[in-house]
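Student: Same order as they appear, the protein sequences are chains A, B and C.
Numbering-wise (my numbering), the first sequence opens with residue 1 and increments by one.
Numbering-wise (my numbering), the second sequence opens with residue 1 and increments by one.
Numbering-wise (my numbering), the third sequence opens with residue 1 and increments by one.
Honestly, I wouldn't trust all of these hints.
[Claimed, not checked] Below, a sample of chain C positions facing chain B; criterion: calculated Cβ distance under 8 angstroms:
1. Asp67
2. Pro76
3. His78
4. Ala98
5. His99
6. Tyr129
7. Tyr234
The set of hints was computed from the structure by calculation and includes no laboratory data.
A quick note: this is a predicted structure, and the numbers were derived from the prediction, not measured.
Cβ atoms here follow ideal geometry from the backbone N, Cα and C, with glycine treated the same way.
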Amino acid sequence: MQDAMTMLQENLAIFAPLIAVQIILSVLALVSLFRTDETNGPKWMWALIILFINTLGPIAYFIFGRRGDV
Amino acid sequence: MQWLTIFRKECLESTRNFKWMWVPLVFILLCIVDPLTTYYLPQILEATGGLPEGSTFEIPTPPPAQVMMMSVVQMNTIGILILALITMGTIAGEKKAGIAELVLVKPVSYLSYVTAKWAAYSLIILASVFVGLLASWYYVNLLFGELAFSSMLVTFLFYGLWMVFLLGISLFMNTLTKSPGLTLFFTMSATIFLSAVSGMLSHLFEWSPAQLTAHLNTYLASGSLPDVIWGATAITIAAIALLLFLATITLKKKELA
Amino acid sequence: MIEVRELTKVYEKEKAVDHLSFTLPEKRCVALLGPNGAGKTTTLKMIAGLITPSSGQVIIEGSHKQDIRPYIGYLPQHPHFYNWMSGKEFLIYVGQLAHLTKKEAKQRADVLLERVGIADAKNRRIGKYSGGMKQRLGIAQAMIHQPKVLMLDEPVSALDPIGRRDVLNLMNELKKETTILYSTHILSDAEEMSDEILLLHKGKAVESGSLEDVKQRHQVQKISLKFSHDLAVYQKRLESLAFVTKSEVEKHVLSLYVTNIQEAREFLLAKASKEKWPLTQFEIGQITLEDLFLKVVNTNAVADHIS
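So here's chain A without its partners, still in its complex pose:
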């Protein structure tokens, strides 16, 4: 575990874009969640999914979360 942390620190230049993309994705999903009228299932549930399930959470929200997309 210690190794993993140091590895991450040493290679910040490499991991930064990856982390940035994941953060942007989550933020976008949250903005969309905030603005949408109706979701499939409660909004707070989607908020938790977006925040705590890395990458797949926001994607799942974008594909299945919103109702009346069209």
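Starting from the known structure of chain A, fit chains B and C onto it as the hints suggest.
Tutor: Frame of chain A; chains B and C shown alone:
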């Protein structure tokens, strides 16, 4: 004029529902996962204690072009699924909700309706493939050694063509049913079937659209384009035209009742 | 000006619409009546070009056009819109689809939004509209390209009484400038709104024409009386009169079927005033659309049963 109206509306819709943002981002992630994990594989194995004490394990570093091919393979599975998911309702959903009724009762050309939607989604998917490959190219150069930018561009052109062909399949499937779920199922089934048959009987199907990725693999390994890729390109373009034409016909035939 | 000739739609052996012919004269409001499954929606969709007829044709201004969509404005029974668009955006979009330029579409959208009374919500997302507002937007989108014929499928049946009244008023105004063909199963609306009716039953037109003519044709020799008390006594007395063929009581109203309405009327009124009958209501014959509807449908049902 009317075509542009529909095209613009599709683009506006994809902007408002964030497709223009999240799809490219997901493609970037798809394309950089493999370069990163491949590069860090030794450390990951060590950190997770996957190897018995004292054993040495030599993992050869793959050549840069091969790493980019890994990105293509990633897009070819999850990327295609995302493509099918974001387009599964574009016509089927509009028919199901009854919006198609309002739109198609106006003097709209069915061909414009189908092709403008196809073009709008093509734009998103091509942009996503492009930024994905660009990110992959960046990491390949950073971690594995030099790869010419032109190799990335060539990969984009041929892989983009295959993706745009898949959009043609999805649009066609959209006109067969009112159910987005069924459209997704049809699109994925057709894609898997075509890929499997073309792969198994590759000597017979070397001009199949599904073989474009195989030809790209050859290109990235050898550095020169195999001749068959041009045949496959021609067939793919013709198939796209045919699919869109058939989609127009079925949309007109299948009643919106 | 719009003529429907022998329009037929067959679904798996069942005839949804069966050799239907009629004409829509200019600037008339025609109600398409009939029980559920009579073929009203199918008829409208065929005229709108959304369903291909099995046979027959729709003729506009004397010629058979390949594509009649430019001449037609259509509002489906349950209109759905792009919820992410604003009302104005949607109107501009469909306006452009109907070959208006962007500028024309914008102007037309503003006029119509004002007209149907949702101008102050024009920049709001359609997803936030109420049912009544969506129905008005639906009418506006049907009018966007100034069609010759406006076709509305059950335009008021899903609305609350206030929304219903608003839409009816709107239709009343619109019929001054365009031909309206609308389906409904609410007979009082048809009676109030339409110049002509077309009564469908099992895909066939069983009655058609102007409301007055149709009523005339089905005129009954009937007088209805309502008494504040002693109904039974009066029924007994009156049914024995020579000109009364039949009597019945429904909801405290005594109906007398008579041989000569003039004679009966004079006789009864004279008697009533002389004997000071406790009358609260006195009505001559007029068949209501509801009676007519039931009569025609039942007659046909019986005929079907026998055959």
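Student: The structure should be examined with respect to each hint, and the outcome stated for every one.
Tutor: Results for each hint:
1. Asp67: Holds - the Cβ of aspartate 67 of chain C comes within 8 angstroms of chain B, reaching about 6 angstroms at its closest.
2. Pro76: 5 angstroms, holds
3. His78: Holds, about 6 angstroms.
4. Ala98: 5 angstroms, holds
5. His99: 6 angstroms, holds
6. Tyr129: 14 angstroms, violated
7. Tyr234: With a closest approach of 55 angstroms, the tyrosine 234 of chain C hint is violated.
The structure fails to meet hints 6 and 7 from the earlier list, while all remaining hints are met.
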